[in-house]
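Listed below are the residues making up each chain.
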Amino acid sequence: MKKSKYIQLVLITAALASCNQAKKPDWDDNAKMHIRSDSTAPYTNVYHHGGIGTALLWYYAFRPYGNYNNGYYQRAGYYSSAIHPSSNIGSNGFKAAVSRGGFGRSGFSVSS
Amino acid sequence: MQRNQIIARNNWQNEVEKLGFGFHSTNVPYWDESVYYSFEMPEILAIEKATNELWNLCLGAVQHVMDNNLYSQFKIPECAIPMIEKSWTEDHPAIYGRFDLCYKDGQIKLLEFNADTPTSLYEAGIVQWFWLQDFDKNKDQFNSVHEKLINYWKYLKNYLNPGTLHFTCLKETLEDLTNTEYLRDCAIQAGIETKLVFIDDIGWDNDGKQFLDLEDEPIKNIFKLYPWEWLLAESFGQNIPHDSNRALWIEPAWKMILSNKAILPILWELYPDCPYLLPAYFEQGTLTNYVKKPFLSREGANIDLVMKHISLAKSDGQYGNEGFIFQELFTLPNYADHYPVIGSWVIGQEAAGIGIREADSLITDNKSRFVPHLIQ
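If you're matching them up, the sequences are chains A and B in order.
The opening position of the first sequence corresponds to residue -9 in this note's numbering, with each subsequent residue numbered one higher.
The opening position of the second sequence corresponds to residue 24 in this note's numbering, with each subsequent residue numbered one higher.
Hint data in this document are derived by calculation from the structure and do not stem from the laboratory.
Errors might be hidden in some of the hints.
To be verified - Pairwise CB distance ranges, derived in the manner of DEER restraints:
id, chain 1, residue 1, chain 2, residue 2, range
1, B, Y294, A, Y(-4), 34 to 42 Å
2, A, Y(-4), B, G308, 50 to 58 Å
3, A, Y33, B, S57, 49 to 57 Å
4, A, Y68, B, H265, 40 to 48 Å
5, B, G186, A, Y68, 20 to 28 Å
6, A, V0, B, E292, 43 to 51 Å
We put the CB at the ideal spot given by N, CA and C, even for glycine.
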């Protein structure tokens, strides 16, 4: 039934072990936080289910955002799905050309 | 098939975490190695045969639904039909599915088919295999999940669009991420260039009519652990037919037919002599002992088990707007008030192994436990 005696994992062990070490930030649940992702955008208050104190810190991480031009990567800014769209885009024309967040609203897990 | 109680490894949490299995417990263990199931080889061969036959019947049923335009019976929106038929006629890549089977008194019966977004793949392919190496490495297991995943990714590599194969799932769910990253791990070992992008982060470039990752790399191929009915209900879903890259979505859109429980009455109508199928209908009709299931539901939600018009077990949930099917009752076997369901994997068109989830009630819900198995 089992054909091989050797199983190798090249990616998953390290990647998931690191993901599983989420630390609870020591902000209190009622703390208010205003965030923007680039200096051309207005600050807005952050809302997240359960409040900041119960959320995983990495959810708020700002992910690098850019494009390739003639083989070179140009960073255009940062993006976080935890903050209001207006605070992600601002007047940065490059970021405004692409909309994000159009998937991923239907559930918290697909577990079946 | 026997249930055996044993002492779990002293340090089992550490052992499974070393494998990258981080969601082994909630407030109670989800991974439960204080129990295992043992099978005789003829029993395993019977499950393998049933799985292969059911897969072939399912392919026939998909063709039947298309030929007879039965989409309305599945409550599949009209806008999805061209996508479904295109993915079928162009043979878009598909890699896996999981039949949930009831094995009792020598009979194997199909309860449902998780054809689009099955989970527990990592537990079945990796965690229970390494458990067996510690418990009794001279024994065997019905488990070629890992080898088949790598081999089938190698095969599918030739059918992908040129470029990266993206993998996507929801953020904030370690279970979904583990399943997705495991599939990506196998694709990497098959020599495919891959990238992870959370589904919440996917971008739509309206000028170029294309989906982009966070580095603005166009998405040409994408494995998604995210159901088609959710994709289509969301704002970006309407962009899929207009995608200038014609990205290949895995699992393909035709899996919408098989992952919908409306397939169960269709299968019964087409193949009433199949020993693995239970009578199933769109109406209760003359059934007095039956299970009422929503077309689309997850983790045993909104299920009603009825015997002689009296409800034996019922679960809550948010599903059922699309409608229900009625399947003749065939209760799970009772092992000292534990009820196992066998998840039988199809990978690359072939039976590939099993994973067992055990519940304390007749409905296998989100509190069920994954327990390992071996072949005697």
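Each hint tested on the structure:
Taking 34 to 42 Å as the suggested C-beta distance range, the pair B/Y294 and A/Y(-4) conforms, at roughly 40 Å. One distance hint, 50 to 58 Å for the beta-carbon pair A/Y(-4) and B/G308, holds here, with the actual separation near 53 Å. For the pair A/Y33 and B/S57, the beta carbons lie near 52 Å from each other, so the given range of 49 to 57 Å is met. Taking 40 to 48 Å as the suggested C-beta distance range, the pair A/Y68 and B/H265 does not conform, at roughly 29 Å.
Remark: the range hint 20 to 28 Å for B/G186 to A/Y68 is upheld by a beta-carbon distance near 25 Å. The hinted range of 43 to 51 Å is satisfied by A/V0 and B/E292, whose Cβ atoms lie roughly 45 Å apart.
When each numbered hint is compared with the structure, a violation occurs for hint 4 only.
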